[in-house]
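**Q** Residue numbers for the sequence shown follow my numbering, so the first one is 1 and each next one is one higher.
Fair warning: there could be bad hints in the mix.
What follows is a set of in silico ranges between Cβ atoms, one per label pair, in the way DEER data are often shown [as the list claims (entries may be wrong)]:
no.: 1; residue 1: P84; residue 2: A54; range: 32 to 40 Å
no.: 2; residue 1: V61; residue 2: L38; range: 24 to 32 Å
no.: 3; residue 1: G24; residue 2: A47; range: 32 to 40 Å
These are computed hints drawn from the structure, not numbers from a lab.
Beta carbons are placed, not taken as given, at the ideal position from N, Cα and C, and that holds for glycine.
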Amino acid sequence: MSSPEISRDDVAHLASLARIELSGSELDRLGAELPAILDYVQVVQQAAGDDVPAMSHPVPVTNVFRPDEVAPSLTPDAALAGAPASEEQRFLVPKILGEA
């Protein structure tokens with residue numbers, strides 16, 4: 001199972017699509033290596049049969065969630081007690097960039 005030959009121009013086009021800058025020697029080297037890489041990709045694609053589910057990680061990954069429970073917290077006045085300035089139960093910060 002041999003992949004078609006990949007020209008230097010093909011490699012340069014792929015590199016530009018991927019926004020990768022390659023030197024002339026890198027274009028030549030990758031032109032020779034890409035067919036073998038594509039052959040290996042074909043081998044890997046054949047390894048997984050229809051009975052193997054697609055996965056995003058090689059090991060099972062689960063999120064750990066905690067219950068969303070109401071708990072005691074600061075009052076607005078207590079939260080703003082250390083602020084240099086506040087207004088209408090909000091932190092007051094200096095205007096920037098000439099905003100009105």
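**Q** Indicate, hint by hint, whether the structure satisfies it.
**A** A quick look at each hint next to the structure:
1. P84 / A54: 32 to 40 Å: The hinted range 32 to 40 Å is violated for P84 and A54, with Cβ atoms some 54 Å apart.
2. V61 / L38: 24 to 32 Å: 29 Å, holds
3. G24 / A47: 32 to 40 Å: Given a distance of about 36 Å, which is inside 32 to 40 Å, the answer is holds.
The earlier numbered hint that this structure contradicts is number 1, and it is the only one.
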